[in-house]
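Those sequence lines, one after another, are chains Y and A.
Per our numbering, the very first residue in the first sequence carries number 4; after that it's consecutive.
Per our numbering, the very first residue in the second sequence carries number 1195; after that it's consecutive.
Heads up, a few of these hints could be off.
As the list claims (entries may be wrong) - Covered by chain A, according to a simulated footprint, are these stretches of chain Y (three or more residues, beta-carbon under 8 Å):
hint	segment
1	10-17
2	39-49
3	73-82
These aren't lab readings, by the way, just hints derived from the structure by calculation.
None of the values given here were measured: they were computed from a predicted structure.
Virtual Cβ for every residue (Gly too), placed ideally from N, Cα, C.
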Amino acid sequence: MALVENLTLFVLAAFLGYEVITKIPATLHTPLIAGTNAISGITLIGSVLVAGAGETGLATALGFLAVVMATINVVGGYLVSHQMLSRFRGRGD
Amino acid sequence: MSGILAGLPAEGLALAYLVAAALFIHGLRGLTHPRTAARGNRISAAGMAVAVGATVLWYDILSPGLLAAALLVGAAVGAWLAYTVESTDLPQLVGLFNGLGGGASALVAGAELIEATRATGAALPADVTVAAAVTGLVGGVTFWGSLVAAAKLQGYLETPITYRGETVVKAVLVLAAVVAGAVLVTGGLPASWVPAYWAVVAAATLLGVLVVVPIGGADMPVVIALLNACSGLAAAATGFVLDNSVLIIAGTLVGASGFILTVVMCESMNRSLTAVLAGGFGGSPATGAAAEAYDAPVKSTSPAEVAMLLEVADRVVIVPGYGMAVGQAQHAVAELAALLTDDGVEVVFGVHPVAGRMPGHMNVLLAEANVPYDQMAELDAVNPTFPATDVVLVVGANDVVNPSAVTDPDSPIAGMPVLHVWEADTVVVNKRSLSPGYAGIPNPLFTADNTTMLFGDAREAMQALVTAYEDTR
């Protein structure tokens, strides 16, 4: 049943993503890419599990590298996005 | 040894993931308006902290020291890159980050298979091996494709590299990846999982490089958006491997975002995704051809003359293009816009979706130069207003203001949505020379009766224009 449950999440998230993303104006598309990029670094969770639970040297090494890469992706992505967004100001601000 | 929170019921971790997923979605909703966008980004980051924090505290981590070291190294490098990047280098940095996410997914699936091979003699369920194969393929393509795209944006390998039999080579690689994936899924023997997986990754590596190499620099907005979608799908596929809900939800949201942007970019160029991926567009031999492509005379103007035009204008539209980014002219342009606004002139920036090297590139540069976001208008909003506009100032844009797209059905860019700047009273085009744009075709706008050319480097020309305009006040 796990597969069906996972597929359910996948399909519902796809519809939800479509609804939310189509409402985002073109003005913010670069920060959107940087921000979603950071979200895709959620794969960090997987890396943490593998790096932590690894009992063979190779799996641990791969996990370590994966954690480093995913963390660069997450931290860098959010910070770049934040820097861009902090420059967006309205006429009155 | 157990995680700090491991004594709590198993639902606890699932609940933490639910909170994280809700924060991601709520954060993305914040991005629907510039006013709430920075807060949305923070909410999304909080979701990430919840997800990662709960995972680290929950599980049996054999080597917390090693894990902490990896997290610290990654955070330091990421923060250093984010804080030191120049605004012109943003597209390649975003491309690079994207690749790292995809690469991490591929490594996780590989490590997971190594562990499973060691731990169990029994065959893994097919859904796990299928998801691992997908992760390896998508993750490998994302990593290497992003690296090549970032290199192109940095100015290396910029001209498309095409060769005979390109499609065949790519098809063979896809086939190789599928065969290796099939061995992984149906091989049955644990000993065959790991080599089959790395065979998938190897094929994906070559594929990622070869798919992006033939694509020209100005098509990178599409490539960046597509690779963004891929990194999301790689994360979602990892979620299927690890049976992890938040990975699936977050990865799918990112995938949806990337695909929507890809479609928007393709529609804005009136080209299909397959046509873009086929590559070879741009950097054509015609690039050297200049004035001889024009049979009508081209009128050139001076900053002083343009300043006089602006002085009597009520409404001015500024159209920025990649030339503005290359010339770092956004601050001078913003200064001119601020002066005009102070003098009661209505100033609007008309931004084409594919102007620049990534979706929304121009907006970020303008925001950095303190242009308020309510002065930035999208194509559909600004197009009907050109007949009521006195002066259009085109800064380093070419194909996106080419009337051939509307008038010439045989043009390579026929049907592409463009900014109808020629409908304004006067058009001033700032360009370094008459050389064609990315599409490699002449632009009839340059010889139109109501167009004058302000030749020169974008920044120098705009600074001269600011000085000349200040003299008229």
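Now for the hints, and whether the structure bears them out:
Only when three residues or more bring their CB closer than 8 Å to a CB of chain A does the claim for the segment 10-17 of chain Y stand; here the count is 4, and the claim holds. For the segment 39-49 of chain Y, the proposed coverage by chain A is satisfied: 11 residues have a C-beta within less than 8 Å of a C-beta in that chain, meeting the threshold of three. Chain A is given as covering the segment 73-82 of chain Y, and this holds because 10 residues of the stretch bring a CB closer than 8 Å to a CB of that chain, at least three being needed.
Going through the hint list in order, the structure satisfies each hint without exception.
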